[in-house]
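Asks: Spelled out, the chains give:
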Amino acid sequence: MEVGVLVLSGHWGRLEMQGQEKVLVVDHRKCTGCRLCELVCSVFHTGSSNPSRSRIKVAKWEDVGFYLPMACNHCEQAYCVEVCPTKACHREPENNNRVTIDKKLCIGCRTCIIACPFGHPFFDIQERITVKCDYCDGDPQCVRFCDVKAISFTDADKTNMAKKREAFLKYAESMKQVR
Amino acid sequence: MGSVHPIRNARYLKPQKEWKEIIAIYLYLAGMGAGSFVIGVLIYWMDPKPNPSFLPSINLFGYALNLSGVPIFWGPIMVAIGTPFLILDLGIKWRFMYACLNPRTSWVARGFIILSIFIILGLALLAKSLLPFEWLHGESVLWHIVEIIALVFAFGTAIYTGILLKATKSIPLWNTHLLPLLFLVSALSTGSMAIILSTLGTGLFPYDTGAFRVLMRGEQIFVVIEGIVLYLFLSRRYRAAEQGKDSVRLLLFGEMKLIFWGGIVLLGFVFPIILETIASFFPGSPVLIFAAGILLLCGGFFLRLGVLHAGIKEQIPMHRLIEIQYNVMTDKTKALAGVRLKNPDELIADG
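Going down the list, the sequences are from chains V and H. Per my numbering, the very first residue in the first sequence carries number 980; after that it's consecutive. Per my numbering, the very first residue in the second sequence carries number 15; after that it's consecutive.
Take these hints with a grain of salt, some might be off.
[What the hints assert, rightly or not] Cross-link-like lysine-lysine pairs, in silico, DSSO-like; alpha carbons within 30 Å at most:
1) 1036(V) to 107(H)
2) 1009(V) to 34(H)
3) 1066(V) to 348(H)
4) 183(H) to 1039(V)
5) 1039(V) to 259(H)
6) 348(H) to 1083(V)
7) 1066(V) to 183(H)
8) 1149(V) to 259(H)
9) 1083(V) to 34(H)
[Claimed, not checked] Non-contacting residues of chain H with respect to chain V, defined by C-beta distances greater than 12 Å in every case (computed):
10) 100
11) 111
12) 122
[Stated by the list, open to error] So the derived label-pair ranges between C-beta atoms look like this:
13) 1151(V) to 272(H): 21 to 27 Å
14) 330(H) to 1073(V): 24 to 30 Å
15) 1025(V) to 95(H): 46 to 52 Å
16) 1106(V) to 284(H): 43 to 49 Å
17) 1083(V) to 304(H): 47 to 53 Å
18) 330(H) to 1031(V): 22 to 28 Å
19) 163(H) to 1028(V): 52 to 58 Å
20) 1073(V) to 106(H): 24 to 30 Å
21) 95(H) to 1072(V): 18 to 24 Å
22) 1041(V) to 256(H): 21 to 27 Å
23) 1044(V) to 253(H): 49 to 55 Å
24) 138(H) to 1083(V): 33 to 39 Å
For the record, the hints were derived by calculation from the structure and aren't laboratory data. As the structure is a computational prediction, the values presented were derived from the model and not from experiment. Where is the CB? At the ideal position from N, CA and C, for every residue including glycine.
Using the sequences provided together with the hints, build the complete structure.
Replies: Printed below as a string of structure tokens:
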């Protein structure tokens, strides 16, 4: 039984997509768990090849060969934006409607990490602030370097909505089978 | 004991690790300080006959300070001591001033404002009670207004410690109106006990007088209410969501059971009640009340520590999807392993 493509990103809960916005889409069935995405992400953002400072994390279950790259969903109703006391965590409609953190304003309170249901923003021990996926300013390195194309950066249009709908229909179907 | 589900318990259902002991100390000092200030102002308004002869006299630049208000107005000092713990927990500490920029939606920002106003007004009232200048102590409506505003912000501070956690919608254990209520009642019980200890220690009220008995009775009532609210909080959270249940189980029977049963139940409720009951039979000995007070104050701290450490994030549909996927893949793996094992047996059976 296949559950379907898992859409990790794409403005959670949004019904109408706007023009040219792009989102990260993950197909966990293609992921081999090589963690190259973590490496290139840390190199791009910090200059060091240190996956622990990456903005994307690959959850791995080696016993069944299940790998899931997890990045920020840039949610429509972003709890991290709501709870940020300094407005460091904010939305940028001009940049793919991304949710990003202003390094100059972040005080490192980690409230956003606790608020996020996906556990996404990460605390950077060296910079002492919270960091998160910012689509690498429009050219996500994880997408560029993923050999198996498990991560893609595609238009958030109705095609993706259809994919989401398909995935959730399959999910609903599998839930019925489980019950 | 059954096997632990590798996904449910290994990755997603771990309690949060972002807010630890430092935040618990902050929540405790802020709650206890605000609660003691509320009780202190109410005592001050009831105007009991204090016994200032027990208090030492201190001269500052030739002025004799009036210390009779200190044992009931010291609450803002505790809040002012607790607030740096919050700053200590920040990644970049010197940026704490930025924390009030987003009060529209952020409770951290609102808390920064609430605590700042309470500390300023509370310390002003403490300074007023200390300083001997006559022009400060005249009957003035202004001071009454300040007292009322400070009292409101003291309540705000005590409730805020719970709202700060309640605002985290993704943690079912915290996301309930009962948590601010629990922290408020706990602030009042620990605050009233702290006032009992300070007045007992400084001899502000003669032991076993009417005012002292009212204070003791009030504290006992708060402890009973706190116990009821704690029961309601845990039972409601147990039924609220899967992760609410996991949090309560973690607190009662899991890694946190020592903190819950030893720290919260025994130190915070059972021992103080037993000691205070025994103390009622020996009215000449305040030692038992001192012991009960110290234990109850420790219990208040463990309550916040336990609630903080047992916070588990809610499982979102994506997690459920992963669980199903994992189960499907596990079944496939088992089936494959079964086939591999079965074939040799069949071969043997077939001869």
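Asks: Are there hints from earlier that the structure breaks, and if so, what are their numbers?
Replies: Of the numbered hints given earlier, those the structure breaks are 2, 3, 6, 10, 11, 12, 13, 15, 21, 23, listed in rising order.
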